[in-house]
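For the record, the sequence lines run as chains A and B. Going by the UniProt record's numbering, the first sequence opens with residue 1, and the numbers climb by one from there. Going by the UniProt record's numbering, the second sequence opens with residue 1, and the numbers climb by one from there.
A portion of the hints provided could be inaccurate.
As the list claims (entries may be wrong) - Here are the simulated BS3-like cross-link-like pairs (lysine-lysine), alpha carbons at most 25 Å apart as the crow flies:
1. Lys557(B) to Lys600(B)
2. Lys45(A) to Lys574(B)
3. Lys751(B) to Lys75(A)
4. Lys237(B) to Lys837(B)
5. Lys837(B) to Lys732(B)
6. Lys234(B) to Lys355(B)
These are computed hints drawn from the structure, not numbers from a lab.
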Amino acid sequence: MKTRFKIYKTIGLIGLFIVALTSCTDDLNITPNDDQTTLSEDLFKDEAAYKQVLAGVYANLALTGTDGAGNSNLKNIDAGTSQFGRVLLYVQTLSADQMIWSYENDPGTREIQRNLWTAQNPLLLGMFSRAHLSIALANNFLRETTPEKLDARSVSTAVRNEMPAYRAEARLMRAMAYYYMMDIFGKANFADETTPINSQPDVYERPELFSFIESELLAIDADLVDAKQNEYGRADKAVAYMILAKMYLNAQVYINADRYADCLSYCEKIIGSGYTLANNYLHNFMADNNTNSAVNEIIFPIISDGFTTQNYGPTTVMINGSVGSLEVNGSEVGVSAGGWGGALRVRKQFVELFDGSFNTDTRNTIISEGRPVDIDDISDKDSGYIIQKYSNATSTGGFGVDQTFVDTDFPLFRLADVYLMYAEAHLRGGGGSLTTALDYVNALRTRANNPNTVAANDLTLDFILDERARELHWEAHRRQDLIRYNKFTGGNYNWAWKGNGSNGISLPAHFKVYPIPTASMAANPNLTQNEGY
Amino acid sequence: MKTTTKSLLFFLFFVPILMFGQTTLTGTVTEQSTSIPLPGVNVVIKNTTTGTATDFDGNYRIEVNNGDILVFSYVGYQTIEITYSGQASLNVQLNEDAAQLNEIVIIGYGTTTKKDATGSVEAITSEDFTKGNIVTPENLLSGRVAGVSVTTSGAPGSGSQIKIRGGSSINASNDPLIIIDGLPIDNNGVNGSRGVLASINPNDIDSFSVLKDASATAIYGSRASNGVIIIVTKKGKSTFSATYDAQYSFGELTDRVDVFTGNAYRQLVASQPINGTTLDESLLGTANTNWQDEIFRNTVSTQHNLSMQGSLFKVLPARFSFGVTNQEGAVLTSEFERRNLSLALNPSFFDDHLKINLNANLSFEDNRFGDSGQIGAALRYDPTQPVYDPSSPFGGFYQHIVSGNLANGTTNPVAELLQRNNTGDSNRSYGNLNFDYKFHFLPDLRAVLNIGFDETEAKIIDFTSLSSRIQNLDKVNSSRGFQKRTNKLLDGYLTYNKTFDNMRTEFTVGYSYQEFTNEGSNTGNVRDALSLPSTFADPDVVLIGFFGRANLTFLDKYLLTLTYRRDGTSRFSKDNQWGDFPAAALAWNLSDEDFLKESKTISSLKLRAGYGITGQQAFFGANDIYLNRYRGGDSNSQYQFDNIVIQSLIASEINPDLKWEETATMEFGIDYGLFDQRVSGSLNFFQKNSTDLLFTASVADGTNFSNSIIQNIGELQIQGVEFSLNADVVKKDDFTVDFNFNATFLDREIKELALGQDVRTGGISGGTGNNIQLLREGFSPNSFSVFKQLYDNSGNPIEGAFVDLNGDNVINDDDRYLKENPGADVILGFQSNINYKNLDLSFNLRANLGNYVYNNVNSSRAQYELLQDNAVLGNVPTSVLETGFQRTSDVIISDIYVEDASFLKMDNITLGYTFSNISKHLKSLRLWGGVQNVFTITNYSGLDPEVFNGIDNIIYPRSRTILAGANFKF
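The shape of chain A in the complex, shown without the other chains:
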């Protein structure tokens, strides 16, 4: 009997063993352990999350990832280089006549600055993907804040009252991303909040993008916070107006239409919203441009902070990069003495814009001593002039908190640009008044400590283009400006290293838009390559 008992016990044990083992399969359904990661179903239990997710949409312009400046949520491009403002600076400024990058073994830079790019270029992939990530993040925010979802989560009235503005800002960020895609690539994957994850979306070309962006920006106008009334770092009505004004100014390029009058009227709207020029031109480019007089001028910044918002974005790159190889002048601008060893210099054609009566002009930050103006060999960091426009120093004589990651915000949109757009739109037949245009242009000169104001007969379109370069160089506008003036491609205007010739050679017309990155095209068969590539 004892044995029998033993057998039952054994069989029982085996049975128990099997049951115990097989019941653990639920363990396969895990949840994240890291305190930085939260599941979406848990996230919105805390109402503060809505604003934080909105901050994430904005942060995509400043950060490349969530884990430091060397981390990126994009792939196939160097992490630090994938920052929005950085790639924007490369495609809009490095590709033109103002800037040279010395380290051509950094992938993609050589092809961009010598106009040799192909669809393989990692920097172009970075631009295309980063802007589309803004679209995806904005769509995600819109999906998570529908009235149905807010109802289901019983969101408080206080947060609901904020929601129209939040949602309008997300749509504004999305429209802005589409605006850049329209300008740079001429097309984009069109995804909105209804587009499923990992699908292959439709592609919008310039005409569809133009009308979409325009209608979106007009539609959100009522919900956006009034100009200058939102928190610094968040977008307001003026940002929407700025994008509209820029679209209208370039409408000839985008959709072959004359919209200069619309441009001018949106410039007026912005100017009428209470913006004023900073006291000092250079305040716009200093470590405290988020608090000094530039806050009245900057319409929309890309935030950078040496402690809390570290990135290898345009300001960090330009401040470290423009430290001279000979001058070793980094400590003047609040970074390490050697900076990045002379990574950035300017091309001769840019220097020539300051020939003559620009010695006192504060926009002229050229350092030329001991340097030849010509750059015969791009890797020779001692040739070519350097500039000292951006700085990690404050207007009060202090410095940013970190010696690599600067505190200087990148002024993506600022009032001076609007002034010059007004003048240009006027000259292109958009209405307004010549006196006002002159006043605006001269206001910039006066502010820059340049006594040589211009008269009515000086105010030509070519003058505006040059003045835009003097005022707005290294602010990621140049390629767009040159294309509008039909000087980017063709042989009308050749600058050093254009088309890979040290004195510049003509570029084919298809270079007015960049090629669609191969990887992006492969992932969405609806995307076709731009003509000529």
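Add chain B to chain A, keeping to what the hints say.
Same frame as chain A, but now just chain B:
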């Protein structure tokens, strides 16, 4: 069922009655040639289920009746049948069975014999281990097994890249599954440790089984695609023995990268070789410093191992070992020290019905990491400057000073090494508890339960002396880190063995549960107010499997193995969690057929064919990518609204559709033995097709929260042939010569890539984010993507001039072509052992043929412009004289840097002499000496052709080491 019922009845009712009429027989079973008692020998009364097994002293006790036929059987030995005729005791001697054919081979969840194995399984026991300077266990296999390549860096105690049959994946893991005493270990190490195997004492290892084809590995289902290495550690024995091993080694680097000497450098700078730039000769110093000599050193390393086996309290077989390994690295300050404690208890109960095996191991690994990046600095640092400068503010080390501060550019590598103390202490405890129960009422049925545990905790301290800088002292790093990984296993299985007339059967069913965790923290730089502490915790990985296997052997000649595993992983969403992995294999022992049975030449011949599907889920990246997650920025990745920090939450990339990567393996093999097994080996043909590759590929921009996520796209095919030959060339009492030769031919081809697009890979130094390799359909993975160099009439390369391959008159990325790949076409291994009387000599040779290497040392360093190093001067390799190249960016992608790196290496040669029967207590003493890393024959121009992934970007150099050791047996 009938048999079972019968057994039960027999057991329950008749046994007690019969017992009265029986005699108790006792005796001892020993091994014939050595007279060593054999434990675990099955003693069964023929045609009954009554039986027992010998204990650890070879003793047995069984109730018998006159006329009963006793069957003594033990795997690896000839079975003996003796009729009981009333003897009081019966001592039996067993004879070893014909050579290795019945050698036990450990396979997944069980064992088989060489003869019965249907898959491609190779067992390597301690006699076969690769000898020499073995610090980590995988090196015991180095060059020893066809299809297995082990590449170890020169760093002390460093991990190795182990590949079986070239892996099976592109983006996901190519590491084999490593199982220690039934516990699959995590292939990811911790910071602070040199590698997952670095903490394991090779001296504790008894044998390896390498499972190569799917029919052998499929029982491990989802983790089997890259092959399986089963490690069995040494167990306790009932007879007492003890060993003590001591080894001393003296290492020296025999080669340097040729850079300019101080004098030559001064001349070079004076010649102003950079076009358009004038070097400042006033920066030159007067010293002649060979910086490589300054940072490299001759090393002394020691290993001591003490082990004892015996029976505790006469009933508990146990083994205890203690090992201390201390290895100095060739780079100044780098050091590896390990202490291992290991305990094995192997008791058995209820007449051996229940066997318990406990393995408990503690390992304490103390590392000091000498930054191997300083090797690059040593190539670069100005050779005209001294190492020390008494007036230097940098703790007495010379440093370039510009405007009162440390100059931008390379810093003194000796100072960098000596002023930084980067240590990692990793404590690991691992082991398992195994219950093996043979049912009392049904001895054909065994239940095995295995509980395994592996936990590693590591502390990292990284401290740099403040004297290394004179400004920005708050940026001088001082940080501490902590990491902990755990791995818990519970598995169990039932095995049923039954022999019918002509049919032997074995059925196994089981279940496995395993969970991995990983977490840690870092203080950040405690000197820097801007650097904040951080923590991390990976999502747990849980793997659950159900498995079964049937082995059917008909007439001892025809074998069939069927395997099935159903695996679940926490890495995929609920819909894709489970995968099914079946395999089947057939084998035919041709030599047992009548027409070969009498052959004097062919002593064994087996044909094998197998097919199976295995899986892969170990991709690199988020283990929870299928979940809808948000990630908050760390302390440096926040946003600001109104100049006030706001935590920004960014949605994380997501792929809810991710599923298993699958590898289908087909294999045909021949196992042969000639001349009474004096010559034996295998020939295998295999093809692996991995589909649904876990591959990071583009997603349509704007539809996900990245531009590229891990997906299941692509196909990789690996075809290969393996050949092995073991030969006992001379086999006399006092003179033996044997050798093992193995050859592997591998061909890897990408059949399909995600969206058909090329993927750049293989990051190189020189530029930010440069890649030199490409994945492209129709080519081997990681082929080099380069420009075709143009040469002038005298055959010298023209700087920056490349062939316009697509003929569009522009040289851009579209003109890069694929030249060769880093994988070897042929891998050869050769070992030989020669014994003459008490003298033993062994050596091994290893060769890789057709492997190409991108010489990143030359491509990113041997250009004249690099003589200017930011604000100071820098050295360059003398190979610049051959090319005369000026600019790195002009030439870095040139095919001139892709070189054939085929090599032949003698890893080791050892000579030993054994003194035997020295005294009553000291049974033997072996003294030996040897050389590790004896020679390398290659045409490769860099330091060492054996690099990782085909990119030679300054490897940690491998020292030539003189070894001396003593081995005491008590």
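Hint by hint, here is what the structure shows:
1. This hinted pair checks out: Lys557(B) and Lys600(B) have alpha carbons roughly 19 Å apart, not beyond 25 Å.
2. With a C-alpha separation of about 24 Å, the suggested pairing of Lys45(A) with Lys574(B) holds against the 25 Å cut-off.
3. For the given pair, Lys751(B) sits about 23 Å from Lys75(A) by alpha-carbon distance, which is consistent with the 25 Å threshold.
4. Proximity of Lys237(B) to Lys837(B) is assessed by CA-CA distance (about 28 Å); at most 25 Å being required, the pair is judged violated.
5. Restraint check for Lys837(B) and Lys732(B): the C-alpha separation of about 10 Å stays at or below 25 Å, so the hint holds.
6. Between Lys234(B) and Lys355(B) the CA atoms are separated by roughly 16 Å; this keeps the pair inside 25 Å, and the hint holds.
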